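Enquirer: Single-letter residue listing:
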Amino acid sequence: MTDLLDSDVDATPSRLGEVRPLLELQSLSVAIDVGGVEQPILRDVSLSILPGEALGLVGESGSGKSMTAKAIDRLLPDGARQSGTILFDGQDVSALSGAALRSYRSDVAMIFQDPRVAINPVRSIGDFMTEIMVGNRRMRPRAALDSVVEMLGRVGISDGRRRLDQYPHELSGGLLQRVMIASTLLTQPRLLLADEPTTALDVSTQAEVIGILSELQQDLDLAILFITHDLELASAFCDRTAVMYGGEVLEMAASTALQDDPLHPYSAALGAARPRLNERRARLDAIPGRPLSAVEAPRDACSFAARCRHRVDECVAAHPDLRPLEGGLVRCIRAGELRAARKEVGHDAR
Amino acid sequence: MTAVITAEASAGKLTRARSSRLGIPGVVAVVVLVLAVAAAIAGPYLAPYDPSAGSPSGAWLGPSSGHLLGQDVQGRDVASRLLAGARSSMLGPLIVVVLSLVMGSVLALLAAWRRGVVDSIISSTMDILFAFPGILLAALAAAVLDAGLWPAVIALSVAYTPYVARLLRGVFLRERELPYVAAAEIQGFSAITICLRHLIPNVLPVMVAQGTLLFGYAVLDIAILSYLGLGIQPPSPDWGVMVSENQSGVLQSYPLPVLSAGCCVVVVVVAMNILGERLLGAKDNER
Amino acid sequence: MHVPFLLKRFLILLATLLVASFVIFSAMFLAPGKPIAALTGGRSVSPEALAVLERRYQLDEPFLTQYWNWLSHAVRGDLGISIATRQEVSELIAERSGITFALVLYASVLIVVIGIGLGMLAGLRPGRLDTALIVATSAAAAIPPFLSAIVLTMIFAVSLGWLPALGAGDGVVERVEHLTLPAVALALSSIAVVARVTRASIRKEAGREHVQTAISRGVPRRGVITRHVLRNAAIPITTSTGITIASLIAVSAVVETAFSLNGLGQYLIVSSNSKDLAVVQGIALVLVLAFVLLNLLVDIAYAILDPRVNLGAKAA
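Chains as they are written, first to last, in numbering that gives the first Met the number 0: chain H, 0 to 349; chain G, 0 to 286; chain Y, 0 to 315.
Everything labelled a hint here was simulated from the structure, so no lab data went into it. As the structure is a computational prediction, the values presented were derived from the model and not from experiment.
Listed next, with one range per pair, are the computed distances between beta-carbon atoms:
#1 Arg221/Y / Thr198/H: 24 to 34 angstroms
#2 Pro234/G / Thr225/Y: 50 to 60 angstroms
#3 Gly65/G / Asp77/H: 57 to 67 angstroms
#4 Asp129/Y / Arg80/H: 18 to 28 angstroms
#5 Gln186/G / Val36/H: 40 to 50 angstroms
#6 Ser157/H / Gln186/G: 49 to 59 angstroms
The beta carbon of each residue, even a glycine, is placed where N, CA and C say it ideally should be.
Please build the complete structure, drawing on both the sequences and the hints.
Expert: Encoded structure:
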């Protein structure tokens, strides 16, 4: 945590221009100590989120997307070693402690995947919601409860007053996730870290929760880091999307571009592996092999090489850098060449 | 998903491999167990003196070259009595473990196999039996029968049965719900065949580990009962009896006979605990 | 709020008492020979006394009638007459229950204060103290109560002479002084057990995801620990401490014997050795009742601490 490497690597997209990012990760690397051996979890992750922007973070389990959110919120497990810089509003997050850290945490709120385990089961909803306002902001309990009821209304819970005395086990998963969202908004955060907020919910509730998040983002001008394994969901919800694999970012592009014109073979494969409503296909193109975690990923080769259809010898000769291409960033030495070839095939077909 | 699952699976394999190795405490525990069993079998023949022959003039005499651990309240050789006492101090607990394991696993198997009403009857009976501590049952048994090893053994076996039954019921239930059991049932194997061929062999490691832990507790409890006069009766050489016979020595600043008998009990109990926990892999649960 | 759960627990309590009384009563029929022989414990008794016993136990009636007769007397506090002392069993019990109660209470205080205290320290602060506690508790948990009684007597009564070794003493101060070594001997292994459970529960609760949520919301460390970690760990800690204390009721017999305390446990052993069956039955009944009542208290505490309890009862 303490050994911060100064890094002048600037991997933020140039098109961001002069607007100062709200959150900026510069070459963030995290390793944990497992039985005396340092094992990498995140490798050289650089991201930025503008005020009010929704950034998608897509990847399979073990790709490091949740760990990125944990690192941002300073929730890394004991013994994790972090290098690189996290800047929030220009301020170094790693340097924060005590009250400053707590106030940062209410600026950056986190929504967890499963509200059933993310909300203390033995405390009432009202108690859970008012904890910060009464404890940290010295609000009167009654005033706090009033604003809780109002906030519950904003996330579509009309009978908020009745919910205050209930316990988490008495609420459905969707309702509870809305309580979770409302509780994060009470501190008027500027950035919301949403870690697979709909994965643990029913399909019908998922759409509701996404709807609420989207509405709130516009109303409150919230920046959101939206973590999901669903590329299409990320594209629908986010302005830009980053694809993670093996603890590093393989591609970052505008969501529409990522969906229609993926630069990295992995992003393309992710898109192809998902069923589409407007196409009938006999078989989905599953990605061969299994996803690698950051621990297993090679250090001197492309981490996706083992599963890549377009692998050539150069892919396993050196670790590729994240390079700008077509307004996005991609970590593939053949990206330009493959894209050109794809365009040609596309023209021929037409 | 796959990455997580394989990672977890390999982690599980690792911890299992680690816990199957005994480690230094485990090896020490095995050595203690071997020594204790050897003493239980050959103790009476190894004893340098007749464990029952005392001399009033030798009472409370300290260690000497002839009597390594000194002499007790009646001038008997403490080391000889410890060796001779190993047999009764461990044979009783052994019977307790066998009886309670048999009764407990039969009840557990019945509850897990039949489920429903049978399960709730057995489970609530076990809940009720929890209200009877071993000492209480032993006191009742000693009051109506003649106090001795057998009433104590029976009382403890009954007192241990609900613990065994409750634990094994859970294990059997989990095993019974595995698909292979249903598959065997569809193939027409009888319940008894499935239990004998699959369920019991699969649960056997847990039973062995549990039996090891129980043996430790039983050594302790039999010693307690003998100390209280509800188990083996003096002047038979027995560790619990030795503590009670020589207790007056403590106030006369001669605690050696009491301490050596007490230490024998503690060493065996601790060894059994270590061994049982290693076998259960309980160390992983606590972390 | 928690009626279904507690009602169920109360019914189990009644069933337990019923079964316990039945077992305790029918024990006398296990004896070789006639039940009257079990009651007299093989003593030669005058024909008049025999007649009194026969009438009291209605030994010519069918078994269930005898049981009902015995139970209905017992419920009214009439537990029969000691064949050894010719006194009312209920009086003998009343004289001795104070010491046992004080001893178990004293030990309970030690367990709660020291056991939970040490467990909390070790649970909240991993490090050297934590490792030391693990080692110390695994040793202490294996020491049988008679051995801890002996070692404590050796050190504090014989060598140092700080505390008395035998008897119960008179007056409050002297009573506390006399009961200190017995209470420590009784509590020692339980302190170790409770410390370990407390430590493990705190560690387990501290690793829960909702604790991460609280931290991520900016709840100060003190609040995270008291309002989330300790609050939730209180449930398993209370339950296992309560059950541990309930189990001391029987173990007190060992400690009372070792320290020559004239309590219920020691009297149970003495009466059992002298085959005074009515007394053994009476004390057994009282001890089971105390055990069951303590367990009910644990259940009530559990229902108060855990809001999910009522749901569990409905599902069951």
